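Trainee: In the order they appear, the protein sequences are chains A and B. Just so you know, we're using this note's numbering here: the first sequence kicks off at 617 and counts up by one. Just so you know, we're using this note's numbering here: the second sequence kicks off at 617 and counts up by one.
The hints are simulated quantities; they were obtained by calculation from the structure and are not laboratory data. Hints may contain errors.
The list treats identical chains as one, so a pair stands whether inside a single copy or across any two.
Unchecked claim - Below, computed lysine-lysine pairings styled on DSS-like, alpha-carbon distance capped at 30 angstroms:
#, residue 1, residue 2
1, Lys-999, Lys-962
2, Lys-800, Lys-884
3, Lys-884, Lys-955
4, Lys-646, Lys-884
5, Lys-999, Lys-639
6, Lys-646, Lys-800
7, Lys-639, Lys-950
8, Lys-701, Lys-884
9, Lys-620, Lys-955
10, Lys-646, Lys-950
11, Lys-950, Lys-840
12, Lys-962, Lys-646
13, Lys-950, Lys-884
14, Lys-646, Lys-955
Model, not experiment: these values are computed from the prediction.
There are 2 protein chains.
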Amino acid sequence: MAVKIGLVGTGTVGGGCIDILQKHREGFIKQLGVDAQLVRVCSLDSAEAEAHGVGHLFTNDYHDIINDPDIDIVIELIGGTSIAKNVVLEALAAGKNVVTANKALMATYWEEVMAAADASGKDLMFGASVGGGIPIIGPLRHSLIANQIDSVVGIVNGTTNYMLTKMAEEDMSYEEALAEAQAKGFAEANPSADVDGYDSAAKVAILASIAFDSLVTIEDVYTKGITDVTTTDLEAADDMGYVVKLLAIAHRTDTGIDVRVHPTMIPKDHQLASVNGVFNAIYCVGDFVGETMFFGEGAGAGAAASAVMGDVLDIAERLEQGVQPKESHLCTDKLPIRKIETLSMKYYIRFSVADQPGVLAKMAGAFAEHDVSIFSTMQRGGKQDGHVDVVYVTHVALESDVRAAIDQIRGMDGLLFGDPSVIRVEE
Amino acid sequence: MAVKIGLVGTGTVGGGCIDILQKHREGFIKQLGVDAQLVRVCSLDSAEAEAHGVGHLFTNDYHDIINDPDIDIVIELIGGTSIAKNVVLEALAAGKNVVTANKALMATYWEEVMAAADASGKDLMFGASVGGGIPIIGPLRHSLIANQIDSVVGIVNGTTNYMLTKMAEEDMSYEEALAEAQAKGFAEANPSADVDGYDSAAKVAILASIAFDSLVTIEDVYTKGITDVTTTDLEAADDMGYVVKLLAIAHRTDTGIDVRVHPTMIPKDHQLASVNGVFNAIYCVGDFVGETMFFGEGAGAGAAASAVMGDVLDIAERLEQGVQPKESHLCTDKLPIRKIETLSMKYYIRFSVADQPGVLAKMAGAFAEHDVSIFSTMQRGGKQDGHVDVVYVTHVALESDVRAAIDQIRGMDGLLFGDPSVIRVEE
């Protein structure tokens, strides 16, 4: 059976999709009985389409795809939440199935696009929006569906993982690591989406929505990036038996969903600790399956295109069987989102303090006053310009108490130099 | 929609399935619109059914399930290839969908049972036959389907991985590690299926059949277990920067499928090297997705039951949509299987040799005569009863040449004490 595909967006991932369709078309016919035909590609100019040998399919108006009655599946790969959203909604309204890799769109407008898919009776698949080529959405919705998923914790941004790996292993500064990531094409000229954690936040919102069957949007996610992480912190972590990763964390708790993105210290023997460079990994815990982990390339043309085309072929097989999707992905649960202030965990806090008598006593007093119990205190490095670094690791403490203690210390006259560095600890 | 399930086999995994159906029935109705009802359970005696609170569903005759026209899905969990095969074939013939965790059945009678499924137009799913709870069959058939898979390499037997971990980390002998695995319930009284590699061989046959879409049966798999692995070998590996794992290996090559199970030295920084204890992991390489790895509990009631019930719910959702499977899993490719003798790789070989002048020269001569180039030679440990251990690591060499060289050394009068230890090396 022939399945006709229109592609909107011919950048890196789109180019990978064109390559897959060209290289494996015969294989798909043989193995799946599906003749996946690319019939139209759209982008701003035709250079990319020509570079991949499909210049003859080019249009610069996506309506040529939406309005083509022969097209069964529209692939949206332009990114962002404005035109991309129109493409997705118009394609669904026109009775097309849609495959997207657009995490920002899904994490922001989940309800709206899912409702549109539901109304159209068509499929909206988004496996490539999280984890690049790592199969995670599919397994959560199928192989692991018999479980109540209690935790999803992942390294879902390759850029920041590359930077943290370089900082830890080669003692690079944040700025050096960023420059190298940019030089290698892993980071954008404006790196904010990666280094400020927004990319990870969108992905964990999608993961949590699927894993817990309860809507989580990007606005629900407490988000802190890696811009304040220093090599001093990474060395301190190393000495204590930890590594620092930008983790995307979602836990189901008795009082709601705990969902957040922040630099996190994890023990060196944790499965996620050895995931380095641009690789991604997602760790799940289910009530029957126990611990599972999915590892692979989180970005790059091939990996993301593999995920997009996996979705396209799934839809193509259903089309061949004459089946429409029954699952509208409208989350059936309405679990509350827990505020970060209500969570309890361990904290690593580094202060640059004046090297004067009585400083430690004052700080200890502030922690005690706010019920934050200290596990260890340690001076790191020597004295510089009259101040020294002091590292605290707390026992499990309430986030709001830790913040109050830090605020109190911040208010102490002439005591602190610069902002304290706070890294949460997961065991 | 109500979907009625009959369970044949109420051991560990069957008990887990009963538990899932009881604990999550309401959740499945809410999330999937499927009311998965267990209506009959069969085993030799009713004690296990009673222990899981379903004594009223008990029968000791599986025909009561096959012949019940209301039952939609039969779960086969009795194992083995005799009665289990009858259950599967009779259930398919009676128009039931079948879910099995039976690796031996699938790896031995793939063509016969798939043909039966094809003829009946019903589903035969077997996700739990490989990797326990780790989703791997599903991802290979869906999320990764756009790739040509070139390699699948896994640690797929928890028992032997537990033993090798204990031997490496706690300096236990093979016998001590086996005794501990048996005491903990990880190894059977007769451990042959695990320690001789047959369990891994069945699993890699299934993985290769799916990954390469080309039939591989257990008889195609070169299989060597861990019974000859000694702590001396593990220590030598450690000193050289390697660990020893029982790997299940399947590579697509230009001249056919290379598929085998044997103890293997892998570098310590390989993703599989840190998979310890009873955990399993499966590493795949696809032409677009690149490297991916799937990690989790390879055995245990919960993990395997999670995989079984994932398949059951997939079928239930299709039943709800009124769709029958189109995919009969009849492999469309007919790739040849490569004989182990035709493969080239690196080898670690340890000989116990007489401590006499000229011994090393004789051995070097034998290797040279058979075109086996040596990367390093090293004496391990001291002299014992007139003999010493000598370890060779070869450059890439042809298996048949290595065997011929070893045979020649074996034939040298009074030179060797006992059998040499041969461990293949993968980079």
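Trainee: Now look at each hint and say whether the structure bears it out.
Mentor: Hint check results:
Within a single copy, Lys-999 and Lys-962 get their C-alpha atoms as close as 27 angstroms, which meets the 30 angstroms cut-off; across copies the closest is 53 angstroms, which misses it. Proximity of Lys-800 and Lys-884 under a CA criterion of 30 angstroms is satisfied in both settings, with 27 angstroms inside one chain copy and 27 angstroms between copies. When the C-alpha separation of Lys-884 and Lys-955 is checked against a cutoff of 30 angstroms, the pair qualifies only within one copy, where the shortest distance is 28 angstroms, while the shortest distance between copies is 41 angstroms. In this assembly of identical chains, Lys-646 and Lys-884 lie within 30 angstroms of each other by CA distance neither inside one copy nor across copies; the values are 46 angstroms within and 40 angstroms between.
Taking identical chains as interchangeable, the C-alpha atoms of Lys-999 and Lys-639 are never at most 30 angstroms apart, the minima being 61 angstroms within one chain and 59 angstroms between chains. For the homomeric pair Lys-646 and Lys-800, neither the shortest alpha-carbon distance inside one copy (38 angstroms) nor that between copies (47 angstroms) is at most 30 angstroms. For a Cα distance limit of 30 angstroms, the shortest separation of Lys-639 from Lys-950 across copies, 20 angstroms, qualifies, whereas the shortest one inside one copy, 44 angstroms, does not. In this assembly of identical chains, the alpha carbons of Lys-701 and Lys-884 never lie at most 30 angstroms apart, being 41 angstroms within a copy and 46 angstroms across copies at closest.
Taking identical chains as interchangeable, the C-alpha atoms of Lys-620 and Lys-955 are never at most 30 angstroms apart, the minima being 46 angstroms within one chain and 42 angstroms between chains. Taking identical chains as interchangeable, the C-alpha atoms of Lys-646 and Lys-950 lie at most 30 angstroms apart only when they sit on different chains, with a minimum of 12 angstroms there against 44 angstroms within one chain. In this homomeric assembly, Lys-950 and Lys-840 come within 30 angstroms of each other (Cα to Cα) only inside a single copy, at 25 angstroms, whereas the closest approach across copies is 52 angstroms. Proximity of Lys-962 to Lys-646 under the C-alpha cut-off of 30 angstroms is found in neither arrangement, the shortest distances being 55 angstroms within a copy and 36 angstroms between copies.
When the C-alpha separation of Lys-950 and Lys-884 is checked against a cutoff of 30 angstroms, the pair qualifies neither within a copy, at 36 angstroms, nor between copies, at 45 angstroms. In this homomeric assembly, Lys-646 and Lys-955 come within 30 angstroms of each other (Cα to Cα) only across copies, at 27 angstroms, whereas the closest approach inside a single copy is 52 angstroms.
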